[in-house]
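Colleague: Using the sequences and the hints given, assemble the complete structure.
Same order as they appear, the protein sequences are chains A and B. Under the working numbering, the first sequence has 178 at position 178, and the numbering climbs by one with no breaks. Under the working numbering, the second sequence has 1065 at position 65, and the numbering climbs by one with no breaks.
The set of hints was computed from the structure by calculation and includes no laboratory data. It cannot be assumed that every hint is accurate.
To be verified - Label pairs and their in silico Cβ distance ranges:
id, chain 1, residue 1, chain 2, residue 2, range
1, A, Arg145, B, Glu1009, 39 to 47 Å
2, A, Gly19, B, Thr1018, 23 to 31 Å
3, B, Glu1043, A, Arg278, 33 to 41 Å
Unchecked claim - Simulated coverage check for chain A against chain B, where a stretch passes if three residues somewhere in it have a Cβ under 8 Å from a Cβ of chain B:
id, stretch
4, 5-16
5, 32-40
6, 48-59
7, 106-115
8, 183-196
C-beta: ideal position from N, C-alpha, C; glycine also.
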Amino acid sequence: MNPAPFAYHRAGSVAEAIGLLQQFGGEGKLLAGGHSLLPIMKLRLAEPAHLIDLSTIEALRGISERNGEIAIGAMTTHRGVAQSDLLVRQAPVLAEAAASVGDRQVRNRGTIGGAVAHGDAAADYPAALLALDAVIVAEGPNGERVIAAADFFVDFLVTALEPDEVVTEIRFAPPPMRSGGNYQKLANQASGYALVGVAAQVTLTEDGRFETARIGVTGAIPAARRATGVEDALTGQAATEATITGAATHASESLDLLSDLHASAEYRDRVLQGLTKRALSAAVAAATTV
Amino acid sequence: MITAPVSIEVNGIARSATIEPRLLLVHYLRDQLGLTGTHVGCETSQCGACTVLLDGEAVKSCTVLAVQADGHAVTTIEGLAAPGMLHPVQQAFWEEHGLQCGFCTPGMVLSALALLNENAYPDEAAIRHGLEGNLCRCTGYQNIVHAVESAAARMADGAVAVRISG
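Modeller: Right, here's the structure in full:
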């Protein structure tokens, strides 16, 4: 179907976009890459009367290191995130998650800010952002808010964003020495969305123990969460295959696994344990590579 | 009716129109410009039959509004070579039998071209991964992969558009 009629506005700045969101109340939606919003509008599951295009706001683009943090502009495409030298070097778990989104055409248009703001339960970024302990920066009529990833993904398609806020950037501290990360995903063959996605980010001590281990899970649950059962079984332990295998059996602890037309909760649990093991093994290998 | 002006360069020609903002790029190309080589397949942004190049990048034109292409350049399958000529990628698809019904082919050719413009020597895995956004119901992809390999070799050898013979 075609979308229902709407008026189209191009915002020249974040401030202008916020002003338009306020002006239109619940009838205005932000347009980033459009690859979550437009499919929904074509099904007429959403019929906003006004679209506010963010694509010409240069301030929302670019990846940089600033004040000891890596900052990614919200309008950076998945392709931009996946191919960034800085991210491939410093945060491969995020670059890998971006590279796994959809397909090349989707990655040329979809943006990290748009994907994060949309809050799809099977999106890839949330797992990586949880693993990196990242923050989502949003601007609204009351100024800037810095929201921890752990607080951002509230429920299925529900985020901590207010209706009149614009995601401006994603920030995280670059992982220290002896760190490694990896993203593993079992994708739905048609849509490319994650049936189960696991992002692991670890830092090892000098004597090869887990100093920190963060595992972000997506796709298997209504909103992305950390696999705290696994993390608790790893911290302080030796980074060996045996430890990882044992810890992975705790993957679904405290997680509310989904059963839907794509996969049962039991299937997701088995896949989750397997992908957790793979992601951790790869992350440890990366952490121990000079 | 709400309308908006757009100026889009399509296959090297500047085009202007006044359209509804909700008009999808694929429908602007097909219905208003008569460029029906770009196809509407799944309507759910999965199949890639609608693939065109937007500023040289492969995009699904069913998931782009024409207003989003305002001020940008679009290349459709019709734009790959002059009438009566075949681009090396098209030539490769023909000679390697990389199509049967042809419905996915324009999108497949443009995706392949975009892939080769970024990676001139893709291996089989890179080709299959690079074409994940284009679904084919006929061929089983085998000859599509051969076509892209052949196109890569042709373009590396400096091949240019050739006249269709016969």
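Colleague: Which of the listed hints are not met by the structure?
Modeller: none
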